[in-house]
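So the sequences go chain by chain: L and V.
Take the first sequence: its position 311, counting from 1, is numbered 311 in the numbering used here, and each next residue is one higher.
Take the second sequence: its position 20, counting from 1, is numbered 20 in the numbering used here, and each next residue is one higher.
Hint data in this document are derived by calculation from the structure and do not stem from the laboratory.
Being a predicted model, the structure only gives us computed values, none of them experimental.
Among the clues, some could well be false.
To be verified - Quick list of in silico lysine-lysine cross-link-like pairs, DSBU-like style, CA-CA up to 35 Å:
hint, chain 1, residue 1, chain 2, residue 2
1, V, K138, L, K382
2, L, K219, L, K28
3, V, K4, V, K17
4, V, K304, L, K382
5, L, K382, V, K54
6, V, K252, V, K272
7, L, K382, V, K374
8, V, K138, V, K54
9, V, K4, V, K31
10, L, K382, V, K247
11, V, K366, V, K325
12, V, K386, V, K366
13, V, K4, L, K382
14, L, K219, L, K263
15, L, K168, L, K39
16, L, K39, L, K219
17, V, K59, V, K17
18, V, K35, V, K124
19, V, K247, V, K66
20, V, K356, V, K386
21, L, K382, V, K272
Said to hold, decoys possible - Some residues of chain L that are not near chain V, with every Cβ distance over 10 Å (derived):
hint, residue
22, F30
23, N86
24, P122
25, K168
26, P238
27, P308
28, H314
29, S315
30, I384
All C-beta atoms in this analysis are idealised placements derived from N, C-alpha and C, irrespective of residue type, glycine included.
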Amino acid sequence: MEEIYLDNSSTTRPYPEVIDFMGTALDKNFGNPSSLHQKGIEAEKLVEEARRRIASFFTDREDEIYFTSGGTEANNLAVKGAALRNRNRGNHLITSQVEHPSVLNCFRYLEQEEGFSVDYLPVDNRGFVDPEQVKKLVKKETIMVSIMHVNNEIGTVQPLEEVGPLVKDANPSILFHVDAVQSFARMALDINSWQADLVSCSGHKIHGPRGAGCLWAKKGTLLQPLFHGGGQERELRPGTENVPAIAGFGLAAKLTGESRQRKAAALGSLKLSFYQALENSGVELYVNGPLPENGAVHIINISFPGLPSEVLLHSLEERGIFASSGSACHSRKPEPSHILQTLGLSEERLQSALRFSFSFYNSEQEMEFAAAQIAEAVRELKSIFNP
Amino acid sequence: MPAKILVRYGEIALKGKNRGRFEQQLQNNLKEALKDFQATVEKMQGRFLVSGPKENRGKMVERLSKVFGVASLSTVEETGLDLEDIKMMALEMAGRVPTDEKEFKVETRRSNKQFPYPSPEVNKILGSHLLEHYPRLKVNLEQPAFTLSIEISHNRAFLYLDRVEGPGGLPVGITGRALLMLSGGIDSPVAGWLGMKRGLTVEALHFHSFPFTSRRSQEKAVDICRKLAAGSGSIRLHMINMASIQKELRAKCSEEMAIILLRRMMLRLAEKLSTDRGLQALITGESLGQVASQTLESIIVTEKVTDMLILRPLVGMDKKEIVNKAVELDTYDISIRPYEDCCTLFLPQNPVTRPKLDQVENQEAKLDQESLIKEAMASLETTLVKR
């Protein structure tokens, strides 16, 4: 049976080039980048090449890239690292209610264990924060604002080009962190308009490996390390570098970033064909989050009222189609995701939501086939569940 | 020197002429539990002495403490019967006790009546020997901080400081073979464990409803069996797909009776499997009156479909006791993983709590039972789950 993978916000299939490259790095370039001999230098070169590749998405400054184990660690380093290192300037922090748990739980930790006061911004029913509201929350004790770029479950693209300047106008020394795990290399990161100081990225969302991500930190941003050790990553992230994963991450970023606009346009039209085909099939559905033409090009979240999402998910799986109920990080918890709950959806829509997320590996034919299969599965299950 | 562990058994000693059989079975089970450790199991009077590599001592104790039939065990030091040797070993062992544990007693058990000193005499000799060498120590017969125990057998002595409780019960394999209906909930693993505790060889039957339910709910059954296998080495797990039966029930029968009809089908399948496998009884996790399917009337109408003996070890337990036992057995965290399972699916709004047999049979007349059972049996998958 043909497999159609529509869960690209959970993780993506690595590029064959990345797999080859990493295999060679693991096999031949096994040296420790800190070693003085030839083996060490070879390995170090791979890491520095990856660093240059990643830096090209920001300011080309290699010393602003800190490799981490992935998006979660990058978010931890940004949020906890910045708050703890800058607490002498104030104890107030701002974030949104729809952040990824690796951001949200850092703020909860800072609030409960470290004595910070945190404001969690609500969002409207499409998942957008209101920049004016951010501005209203800023006080003289505020030291950091963290708002994600693209929401991982519903694809809302936050108006960071409005949020950032409003924050910086109120107080230029407030640090602005952006979780860009869903958008890095897939979309342009306009860090200048955002006036961002910290941006988190991950390798496995862009057809690279798990186990590598990075934090971009604008030169001069003060951070406290999460770990203490042997001084790697300019003492901010010690530990022997995961050379193959970092090298693979760098190559995946390069490949994903190439002719990005053309790819984004193609992805956007894939998503719309998928949605159109589903809508034309006549099954009852609701889009959660932004309108299909507004959201991120690769994510759409849809409820099929009356069907438990897990049941539909498995029925699709049997037809070779892989989607997600909640985000994969959540699906071991019983409640619907906190993000969907924040949108104020009815219970019926909460219980029946599925996320479909796309990559350039998907084709127009797949979209039509998948939509037809979904419509068929929905009809079949409805005859069983709501006869 | 290898590590030595003294294994005691309780109930077996009382079993008169069956004693030989019981001891043989227990010895086999102990050997099986230690088969990957190059250990030996030596039969002594009313005891087993296990010898194995020192580096595996912790793991061996852990394994042995789960074997049914074991009352308790102690890691021991062995000496000859020369009193001076015993005194020297007693001194060395007391030296290992943390220095803040000052009050102690000596306890001697002498199965070798040829040994020249009676037990109270040995207690006195060793007690004063310890007091002499460790002025910080003090005798306290009522509430000692530690107890030094000595067992004197016909050709050697064993000294020990600790005692680990075993599960007690009878060695698995001694009383017969039974089929456990394993739902994936909290109760049935405890029921299975209690059956094994009474010496039954248990095989498990799990019903799933793929593709309505996740493969992960089947993984739950496997993981639970792995925990239960700690007591027996391995458990044969059978899985049967109920999806077609559930669809048929949904389409043709009264919704309020869905649960009891489903349970009757499950029992028929369990009976069929038991016949094929030569299993003599069924074990269920049923307790009285917790939910609609467990009213006395429901249980009576359900079990009418079979003549097999159904053991319900939880009938005398409260929910809280069951949960505590599940936590102790390490199955609780597995049972609460939140996946749809075949019993939560299609749960009726108002299930009948006092079903009548003739009504149930009227509903069943609408089904082609024989072909449904045949189809379900064709989905049977069996795996051997090892510890």
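To see whether the hints hold, each was checked on the structure:
Our distance criterion of 35 Å between C-alpha atoms is broken by K138 of chain V and K382 of chain L, whose separation comes to about 77 Å. Between K219 of chain L and K28 of chain L, the direct Cα distance comes to roughly 34 Å. Compliance with the 35 Å bound is thereby established for this hinted pair. For the proposed pair K4 of chain V and K17 of chain V, the alpha carbon gap of about 29 Å is at most 35 Å, so the pair holds. With a CA separation close to 33 Å, the supplied pair K304 of chain V and K382 of chain L stays within the 35 Å bound.
Under the criterion of a C-alpha separation no larger than 35 Å, the hint pairing K382 of chain L with K54 of chain V is inconsistent with the structure, at around 62 Å. At roughly 24 Å between alpha-carbon atoms, K252 of chain V and K272 of chain V fall within 35 Å of each other, so this suggested pair holds. A C-alpha spacing of about 26 Å is found between K382 of chain L and K374 of chain V, which places the hinted pair at or below 35 Å, so the restraint holds. Under the criterion of a C-alpha separation no larger than 35 Å, the hint pairing K138 of chain V with K54 of chain V is consistent with the structure, at around 32 Å.
Our distance criterion of 35 Å between C-alpha atoms is met by K4 of chain V and K31 of chain V, whose separation comes to about 14 Å. Between K382 of chain L and K247 of chain V the CA atoms are separated by roughly 12 Å; this keeps the pair inside 35 Å, and the hint holds. At most 35 Å may separate the alpha-carbon atoms for a hinted pair to count; K366 of chain V and K325 of chain V exceed this at roughly 41 Å. Between the alpha carbons of K386 of chain V and K366 of chain V the distance comes to roughly 42 Å, so the proposed pair goes past 35 Å and is violated.
For the hint pairing K4 of chain V with K382 of chain L, the CA-to-CA distance comes to about 64 Å; that exceeds 35 Å, so the pair is violated. For the proposed pair K219 of chain L and K263 of chain L, the alpha carbon gap of about 31 Å is at most 35 Å, so the pair holds. With a CA separation close to 46 Å, the supplied pair K168 of chain L and K39 of chain L exceeds the 35 Å bound. Under the criterion of a C-alpha separation no larger than 35 Å, the hint pairing K39 of chain L with K219 of chain L is consistent with the structure, at around 30 Å.
Taking the CA atoms of K59 of chain V and K17 of chain V, the gap is about 34 Å. The hint holds against a cut of 35 Å. Between K35 of chain V and K124 of chain V, the direct Cα distance comes to roughly 41 Å. Violation of the 35 Å bound is thereby established for this hinted pair. As the CA atoms of K247 of chain V and K66 of chain V are separated by approximately 42 Å, the hinted pair breaks the 35 Å bound. Between K356 of chain V and K386 of chain V the CA atoms are separated by roughly 42 Å; this puts the pair beyond 35 Å, and the hint is violated.
Taken as a hint, the K382 of chain L and K272 of chain V pair is honoured in the structure, with Cα atoms around 32 Å apart against an allowance of 35 Å. Every beta carbon of chain V lies more than 10 Å from that of F30 of chain L, the smallest distance being close to 30 Å; the non-interface claim holds. Distance check for N86 of chain L against chain V: the nearest CB is about 39 Å away, which clears 10 Å, and the non-interface claim stands. The claim that P122 of chain L lies off the interface holds: its Cβ sits roughly 27 Å from the closest Cβ of chain V, which is beyond the 10 Å cut-off.
The claim that K168 of chain L lies off the interface holds: its Cβ sits roughly 43 Å from the closest Cβ of chain V, which is beyond the 10 Å cut-off. Separation of P238 of chain L from chain V is adequate, the least Cβ-Cβ distance of about 33 Å exceeding the 10 Å criterion. With a closest Cβ-Cβ approach of about 7 Å to chain V, P308 of chain L is found to fall inside the 10 Å limit, against its non-interface label. Listed as outside the interface, H314 of chain L is inconsistent with that label: its C-beta sits roughly 4 Å from the nearest C-beta of chain V, within the 10 Å cut-off.
Non-interface call for S315 of chain L relative to chain V: violated, since the shortest CB-CB distance, roughly 5 Å, does not exceed 10 Å. For I384 of chain L, the non-interface assignment is contradicted: its Cβ lies about 6 Å from the closest Cβ of chain V, within the 10 Å cut-off.
When the structure is compared with the earlier hints, violations turn up for hints 1, 5, 11, 12, 13, 15, 18, 19, 20, 27, 28, 29, 30 and for no others.
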